[in-house]
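Fit chain B to the known structure of chain A by using the hints.
Protein chains: 2
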Amino acid sequence: MSSCSWRVRTCLNWKGIDYEYCPVNVLEGSQNKEEYSEINPYKFVPTLKIDGVILNQSVAILEYLEETRPEKSLLPKDPYKRALVRSLVQAIAGDIQPLQNLRPLQYIESTGGNKTEWAVYCITHGFEGVEKQLAKASGKYCVGNEVTLADLCLLPQVYNANWFGIDMAKYPLIQRIANDLSELDAFKKAHPQNQIDCPDKEKNKNLRAFI
Amino acid sequence: MSSCSWRVRTCLNWKGIDYEYCPVNVLEGSQNKEEYSEINPYKFVPTLKIDGVILNQSVAILEYLEETRPEKSLLPKDPYKRALVRSLVQAIAGDIQPLQNLRPLQYIESTGGNKTEWAVYCITHGFEGVEKQLAKASGKYCVGNEVTLADLCLLPQVYNANWFGIDMAKYPLIQRIANDLSELDAFKKAHPQNQIDCPDKEKNKNLRAFI
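Just so you know, the sequences run in chain order A and B.
So in our numbering, spot 25 of the first sequence is number 25, and the numbers just go up one at a time.
So in our numbering, spot 49 of the second sequence is number 49, and the numbers just go up one at a time.
Isolated chain A, as found in the complex:
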């Protein structure tokens, strides 16, 4: 259910790092249990156990994997291009995804607001900036012609956007890049539908990735 976990799975797949997948049911609130908060004080997924340490926060995990496993790099060498990648990562992982996450949606609903309207507003505002940035930065992928950390964040966010019924025709660059990314094995294997705990789609039409 988690777009943050999806980013990390894609990175592990991309770099060919074998891993064991341990499902945490966030709709049932398993991330709030005391046992889980011992390995993740923020009570969010994902958590990665690796190299004898425990890592939290998807973006911090991506940077760690890039630093310790630089093969099949997901950051350009040029500092400016690295900053472009990271600006897109932050625009998605900081300014869009947390705002349309489970907790804000629940709060808005509890105060009588329309959670879908709110999510559409957040994603629309965020995607306008991302599309404009991509017009300057993108090649085949978000920054140039190589897959970067920005791409790992983009695809799950497009999945969320589709869930909320965003008109993606307004964001042709985002949509085109997402289409291209969807064809890559590392992204396919990381897709929520290909995880062992993915519920039967027919029985669970209302389930989605939102955190």
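It is possible that some hints are incorrect.
Once the Cα atoms are required to be at most 27 Å apart in a straight line, the calculated DSS-like pairs of lysine-lysine come out as [stated by the list, open to error]: (1) K132(A) - K33(B); (2) K81(B) - K115(A); (3) K77(A) - K77(B); (4) K81(B) - K132(B); (5) K72(B) - K33(A).
In short, the hints are calculated from the structure, not lab data.
Chain B in isolation, oriented as in the chain A frame:
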């Protein structure tokens, strides 16, 4: 008015990088003007012009400054400690600050919700995780005994927490570290009150840093 800009000012001060400060009045919506969006597609402050390029997103800017000006480093050498720093950066810059930013508060108010209640909820949830992480990671500062990017994010967030009337006694490590950081020249010089566009406090008691 911006805690994101505060982070970057602190970094520039810490590394001894001389800079020209150009105010953008976010309460008047100057960040939304077409002219500004040409240098910042996300329509957020800060923007940094440096080395002939234009950089957006505070965390991407901090990483760029660290990579291109590694003197007076703000990241540890050990990959795990770097991940700890970045997890705290993301916990604040991704999971707390964007949720109590101008736009969500305005939306919640527009739907009849209580924006202060919402901000308190977001900061409280976030600070619980940060405090727990600091219990494992901190020394004199957030991660060990050296100032890192995590500290640059922590102090402005504590300022915001105080604004919303959060009971900081629940977060003794956060409060103690914030107190220590407040004594450092780079942080003092970066404080909103010491900027050229800071309004007269007596005349503007309702102004604050929230974005």
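**Study point:** Unsatisfied constraints (hint numbers, rising)
**Key:** 2, 5
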